[in-house]
Amino acid sequence: MGVFSINVNGASRSVEVEGDTPLLWVLRDNLGLTGAKFGCGIALCGACTVFMDGKPLRACSLPISALGKSEVTTIEGVSGPEALAVQDAWVARDVPQCGYCQSGQVMSAIALLKEIRKPTDHDIDLAMNGNLCRCATYVRIRAAIHDAARALER
Amino acid sequence: MRRPRVLFVAAATALLVVLSAAAQRTLGQTQTFAGADARSIALFREAGKVLLNPRCLNCHPVDDRPTQTDRMEPHRPWVVRGVDGNGAPGLACGTCHHAANFDAAGVPGNPGWRLAPASMGWQGRSLGAICEQIKDPARNGAKDMDALLHHVSEDSLVGWAWMPGGRRTPAPGTQAAFGALMRAWADSGAGCPPDKAE
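Protein chains in written order, with numbering that gives the first Met the number 0: chain A, 0 to 153; chain B, 0 to 197.
For the record, the hints were derived by calculation from the structure and aren't laboratory data.
Just so you know, even glycine gets a beta-carbon here, dropped at the ideal spot from N, CA and C.
Warning: the hint list may mix true and false statements.
[As the list claims (entries may be wrong)] Derived CB-CB ranges, DEER-like:
| hint | chain 1 | residue 1 | chain 2 | residue 2 | range |
| --- | --- | --- | --- | --- | --- |
| 1 | B | 166 | A | 17 | 19 to 27 Å |
| 2 | A | 12 | B | 154 | 36 to 44 Å |
| 3 | A | 137 | B | 64 | 29 to 37 Å |
[Unchecked claim] Examples of chain B residues toward chain A, derived with CB under 10 Å:
| hint | residue |
| --- | --- |
| 4 | 37 |
| 5 | 38 |
| 6 | 89 |
| 7 | 95 |
| 8 | 99 |
| 9 | 103 |
| 10 | 121 |
| 11 | 147 |
| 12 | 157 |
| 13 | 171 |
| 14 | 185 |
| 15 | 186 |
[To be verified] Just so you have them, the derived chain B footprint on chain A, three or more residues with Cβ under 8 Å:
| hint | stretch |
| --- | --- |
| 16 | 41-50 |
| 17 | 99-105 |
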């Protein structure tokens with residue numbers, strides 16, 4: 000066991016865990032931030048997507064000992080124009096069905112819009128390929144990202 | 000009674016001469032082969048056991064998609080090379096791959112994790128074509144032979160092939176042995192196997 004001081008959603012938090020504990024476990028079990036979901040645990044589904052220093056990260060793929068001084072942002076703490084545009088588009092399109100994967104979908108969509116302001120269908124497919132949705136809401140996800148991109152133009 | 004013994008000695012002597020000549024041909028310095036030195040080609044073929052190993056080939060695709068596992072299956076999830084070998088915007092390699100292997104999630108890692116450049120795609124190519132490719136500074140990232148030998152001997156991402164973690168089969172041998180083979184290949188003329196049947 001070790002004590003790790005980590006920066007999550009702008010606040011410094013201290014946790015006592017084994018160094019090889021995945022970040023996702025720390026977020027959910029130690030810090031109570033359950034927005035990021037456990038789906039596969041092997042970086043295949045995207046349900047646990049958070050940001051590390053502003054870039055998308057599968058929280059199941061990183062041991063807490065490797066986090067260092069990086070800043071983690073979860074869906075509970077994400078903000079900014081892209082986040083607002085995606086949130087509005089998601090609500091307007093009624094994107095989620097069961098909703099389990101949606102926090103990961105939303106985080107990946109925000110990350111894409113930060114990099115490409117007006118993504119094409121191809122851009123969206125490439126960025127969102129790593130986020131699986133067993134309800135197959137992919138068509139609505141893609142439409143909502145286009146809506147969010149248009150909203151950001153205004 | 001003496002004749003069989005004489006015949007045996009003569010036959011054994013002849014066999015030794017033949018075997019010795021064969022051994023010299025196998026690793027000889029004089030036999031040429033399509034303009035290149037046979038010993039050099041033999042050395043490159045040995046190094047080719049590493050180059051054609053899935054640990055190396057998986058991230059040397061000729062198209063935009065890496066493969067994975069010992070069976071070289073398409074990478075899951077669907078990822079692409081991107082402009083710099085680090086993936087598409089929004090789904091970079093670093094989304095899942097970090098500075099070290101993380102066996103709890105089954106995810107391999109290295110500080111330099113990325114795809115080889117498209118000009119260094121190896122999958123489906125012959126060993127001869129790969130040989131010409133890695134010697135060509137126009138395709139190998141502007142490396143001269145010294146830089147190439149340093150790369151194969153010292154590069155950490157190349158070295159990952161022998162420390163892949165999880166249940167991945169490591170590349171054969173060691174990086175040091177691979178580097179020594181490549182240096183011997185370079186020193187012997189850097190000959191490339193011909194693409195056509197020998």
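Verification of the supplied hints:
{"no.": "1", "hint": "B:166 to A:17: 19 to 27 Å", "in the structure": "22 Å, holds"}
{"no.": "2", "hint": "A:12 to B:154: 36 to 44 Å", "in the structure": "37 Å, holds"}
{"no.": "3", "hint": "A:137 to B:64: 29 to 37 Å", "in the structure": "20 Å, violated"}
{"no.": "4", "hint": "37", "in the structure": "46 Å, violated"}
{"no.": "5", "hint": "38", "in the structure": "45 Å, violated"}
{"no.": "6", "hint": "89", "in the structure": "3 Å, holds"}
{"no.": "7", "hint": "95", "in the structure": "4 Å, holds"}
{"no.": "8", "hint": "99", "in the structure": "7 Å, holds"}
{"no.": "9", "hint": "103", "in the structure": "6 Å, holds"}
{"no.": "10", "hint": "121", "in the structure": "23 Å, violated"}
{"no.": "11", "hint": "147", "in the structure": "31 Å, violated"}
{"no.": "12", "hint": "157", "in the structure": "22 Å, violated"}
{"no.": "13", "hint": "171", "in the structure": "27 Å, violated"}
{"no.": "14", "hint": "185", "in the structure": "37 Å, violated"}
{"no.": "15", "hint": "186", "in the structure": "40 Å, violated"}
{"no.": "16", "hint": "41-50", "in the structure": "holds (count 5)"}
{"no.": "17", "hint": "99-105", "in the structure": "violated (count 0)"}
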